[in-house]
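J.: When you get a sec, could you build the whole thing from the sequences and use the hints?
Here the sequence shown stands for residues 16 to 166, where the numbers follow my numbering.
Now the in silico label distances, taken between C-beta atoms and shown as ranges:
{"#": "1", "residue 1": "E141", "residue 2": "Q84", "range": "15 to 21 Å"}
{"#": "2", "residue 1": "E36", "residue 2": "Q103", "range": "27 to 33 Å"}
{"#": "3", "residue 1": "E32", "residue 2": "G61", "range": "30 to 36 Å"}
{"#": "4", "residue 1": "F110", "residue 2": "T59", "range": "21 to 27 Å"}
{"#": "5", "residue 1": "G132", "residue 2": "E46", "range": "23 to 29 Å"}
{"#": "6", "residue 1": "D124", "residue 2": "D35", "range": "19 to 25 Å"}
{"#": "7", "residue 1": "L123", "residue 2": "G61", "range": "39 to 45 Å"}
These aren't lab readings, by the way, just hints derived from the structure by calculation. Glycine included, every Cβ here is placed at the ideal spot set by N, Cα and C.
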Amino acid sequence: MSAASPATSPFFREATEFWDELVDECSHETESINACVSQHGLPTEGLVKWTPGAEIHMSRSSYPSTTVQARFEFFSWGPMISGTVTGQQDDDLNFAPEWFDILVAKDLDGATVGILGEGRSFTARELATYLTQHFRRCFPGISLPYRTSNV
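T.: Okay, structure coming up:
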């Protein structure tokens, strides 16, 4: 007799593909931010660091600092992306931390989207832009890019 295989959600593949696309988009957004701030003469240690792995981890350690972390999990009610945004203005002043939970679901048109707050839906690219926009506070004098084309 063989062991029973665990049941998988019928939405497992689509949700996992959405997460993978989000990870790729966050990586590209980080590259775009770094290219832009490098053009303004910022040294390498002042750039946003992308840490590849099972979770999304983007950070800038120079002041003002910011860290964005997100993880993908499946719950009984469905797939969810949970995360935090933290940072410091300087050594003595922390930014207020933010927590977020984003449900991954099908939109009315059948597309897989992230649902934030009171039902606002985001594509993977839009969600990556939402997550990386927190780094704007790190570069107040620089207009950061908004990618409109696929890389």
